[in-house]
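Asks: Chain residues, written in single-letter form:
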Amino acid sequence: MSHVPSRRRGFVLGALAALGVLLFCLPLAGLVARAPWRELGSQLASSAVHDAMRLSLVSSVSALVVAVVLGLPIAVWLANGRSALRTAVRIVVMLPIVLPPVVAGIALLLAFGRSGLLGGWLEQTFGVSLPFTTLATVVAAAYMGMPFFVLSAEAGLRSFDRRHLDVAATLGAGPLRRFVTVTLPLVLPSLRIGALLCWARALGEFCATQVFAGNLAGTTRTMPLACGIAMEVDPNLAIVLSMILAMVSVAVLFLLRHGLQVPR
Amino acid sequence: MSLSLHGGTQRGSLACRFDIDVADGETVALVGPNGAGKSTCLRVVAGLLPLAEGRLACGGDVLDEPQAGTFVPSEQRGVGWLPQDALLLPHASVFDNVAYGLRARGATAPAVRAGVAAALQQVGLPDFGPRRPSELSGGEAQRVALARALAPKPRLLLLDEPLSAVDASARLLLRQELQRHLTGFAGPRLLVTHDVLDAFVLADRIAVLEGGRIVQVGTAAEIGVRPRSQFVADLVGLNFLRGEVRDSVFTTQDGGRLVVASTVEGPAVATVHPRAIALFHERPAGSPRNVWQATVEAIEPALTGRRVRLAGAVPLVAEVTAAAVRELGLAAGRSIWIALKATEVQVAAL
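Taken in order, these protein sequences are the chains called A and B.
Numbering-wise (our numbering), the first sequence opens with residue 467 and increments by one.
Numbering-wise (our numbering), the second sequence opens with residue 7 and increments by one.
Calculated directly from the structure, the hints in this document are not laboratory data.
There may be inaccurate statements among the hints.
Unchecked claim - If you want the footprint, here are the derived chain A segments under chain B, 3+ residues with CB under 8 Å: (1) 537-549; (2) 623-636.
Unchecked claim - Anything over 10 Å on all C-beta distances counts as not near chain A; from chain B, calculated: (3) D25; (4) G41; (5) G53; (6) P56; (7) A63; (8) W87; (9) R119; (10) E141; (11) A226; (12) R289; (13) L334; (14) A337; (15) A348.
The beta carbon of each residue, even a glycine, is placed where N, CA and C say it ideally should be.
Construct the entire structure; sequences and hints are all you get.
Replies: Given below as structure tokens:
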């Protein structure tokens with residue numbers, strides 16, 4: 467490479483980078499340019515949009531609650547040492563991040579579906595059938611979003627200065643009090659980032675939800691699913707819904723900005 | 007209430023064994039090189055690290071005795087711990103930090119307020135309650151940490167290099183203040199430090215740790231006169247030689263010989279004060295029992311003059327005035343005559 471004049475090398479590098487940035491910017495520009503601004507009011511007023519928004523909110527927030535309630539204990543346990551079992555559990559918990567969502571949906575169906583591993587028993591014992599219910603959207607969203615929370619929480623729990631816990635212990639604080647008054651506040655930034663990423667992933671969940679929960683208006687048709695349907699019958703509605711989701715994503719990035727800045 | 011620690015524990019590859027008693031109202035300083043086990047000793051007493059064998063007791067209460075199945079957890083020991091770098095909770099105010107121990111022990115709100123006010127008053131920061139730890143200087147943070155440790159009225163006080171994170175200008179003041187608080191504290195006090203001045207000023211006795219063991223315990227004066235290890239000798243600035251005495255002749259490990267005025271026989275350590283060594287251009291006349299020629303290795307500035315490092319079978323550091331360095335034309339590589347009276351060589355049997 468050294469024989470290439472540095473000016474030319476700089477030009478090639480800059481051109482490639484510009485092309486890359488364009489790849490990110492153009493779609494956003496398209497969304498804004500093609501948005502049916504005049505119809506915006508009437509589109510947003512439709513009950514189908516309201517249903518989708520309500521379902522998305524309920525599903526993603528419930529998924530976040532599930533992720534925190536079940537994910538924090540996992541993160542605490544994972545951060546508390548090193549062992550082969552922990553590594554194995556970590557792999558299983560992280561899998562949804564890289565798993566194709568359609569595979570996740572099928573796997574969820576095979577576990578909780580009527581003829582699934584746990585689904586059959588659930589149905590026979592309690593008469594509960596998970597697929598094609600709002601609860602199924604929560605399960606799918608939690609399955610896809612929780613890894614982000616666990617990952618971030620574990621990183622925070624591993625990196626905070628544990629000597630704070632020593633001081634708290636000598637001051638008379640038992641394990642529970644130490645966790646609540648020392649550990650939690652000190653890892654709060656990591657928890658916040660994890661929760662935001664988890665919620666954003668849950669909000670955008672599409673494929674696993676469609677496979678596992680179906681696409682029933684008013685029951686399982688969340689905003690991404692409504693978007694997908696609308697794209698075929700009413701593209702303007704799809705664009706409006708996409709705009710809303712994109713704005714939420716930008717807001718999430720804004721809330722995460724401290725975590726994204728390169729430390730000086 | 008006195009503290010009694012006779013036990014051991016494993017810390018990584020280091021097998022530690024501690025034997026020490028600290029009386030009420032007494033401060034013992036733990037000194038030693040890095041990795042000697044000073045902090046381990048403190049953590050054992052604080053209950054942050056269990057003993058593998060032996061017994062730790064405070065007053066009549068056994069705190070840790072693995073053979074008897076006794077281990078009192080840290081939160082029930084009533085120790086005041088002053089860590090190296092304050093370790094205040096960054097998300098809490100100074101008030102909440104100092105209140106932590108009182109609240110953990112279930113004090114009522116008025117008792118917490120009174121306790122925090124008294125503790126902050128005690129360390130001279132009465133109006134600092136609403137501040138954030140990030141707004142404090144190193145010295146202030148350390149005083150808040152001291153107030154936090156004292157507020158719940160602990161039975162014993164543990165200080166882990168309390169002055170090492172404080173800048174030099176604040177250190178003098180904080181050292182004096184610390185001395186006042188230590189004197190005012192009724193229970194046993196343990197202090198870890200690598201600063202000999204801290205140990206001399208703050209402690210009644212000094213325990214020297216090396217390789218996980220306490221190798222010497224005594225007052226500053228005792229240890230300064232008869233250091234039993236290179237570390238302590240370096241600490242107090244003395245020359246420290248290891249060797250053997252036979253018929254009043256001390257032979258160093260490298261074969262150097264010094265005539266000594268001592269009745270000690272066998273393996274011994276010898277110390278020589280740097281100012282007891284006289285340097286001459288030519289072979290000196292007179293009575294010194296030890297006269298030999300050596301090469302100057304290096305000349306270093308010291309607090310009150312110059313420290314001259316001398317090579318040879320008896321490697322020594324001599325301390326002379328800057329004027330003497332000029333008059334003798336001392337420079338690295340020059341040959342010089344050394345004179346040392348036998349009575350200036352302190353010898354202690356090993």
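Asks: Hint by hint, note whether the structure agrees.
Replies: Here is what the structure says about each hint:
Residues of the stretch 537-549 of chain A with a Cβ under 8 Å from some Cβ of chain B number 0, which does not satisfy the need for three, so the listed coverage is violated. Counting residues of the stretch 623-636 of chain A whose CB falls under 8 Å from any CB of chain B gives 8; the rule of at least 3 is met. Non-interface call for B:D25 relative to chain A: holds, since the shortest CB-CB distance, roughly 23 Å, exceeds 10 Å. For B:G41, the non-interface assignment is confirmed: its Cβ lies about 18 Å from the closest Cβ of chain A, beyond the 10 Å cut-off.
Listed as a non-interface residue, B:G53 fails to keep its Cβ farther than 10 Å from every Cβ of chain A; the least gap is roughly 7 Å. Its beta-carbon lying about 13 Å from the closest one in chain A, B:P56 satisfies the requirement of being farther than 10 Å from that chain. Annotated as non-interface, B:A63 keeps its C-beta farther than 10 Å from every C-beta of chain A; the closest such distance is 18 Å. The non-interface label for B:W87 is inconsistent with chain A: the shortest C-beta to C-beta separation is roughly 4 Å, within 10 Å.
Remark: the non-interface label on B:R119 is consistent with the geometry, its nearest Cβ contact in chain A lying 17 Å away (cut-off 10 Å). No beta-carbon of chain A is positioned within 10 Å of the beta-carbon of B:E141; the least distance is around 18 Å. Remark: the non-interface label on B:A226 is consistent with the geometry, its nearest Cβ contact in chain A lying 28 Å away (cut-off 10 Å). The beta carbon of B:R289 is kept farther than 10 Å from every beta carbon of chain A, the shortest such distance being approximately 59 Å.
Interface exclusion of B:L334 from chain A stands, the closest Cβ pair being 52 Å apart, more than 10 Å. Listed as outside the interface, B:A337 is consistent with that label: its C-beta sits roughly 47 Å from the nearest C-beta of chain A, beyond the 10 Å cut-off. Once the 10 Å rule is applied to beta carbons, B:A348 is consistent with being away from chain A; the minimum gap is 51 Å.
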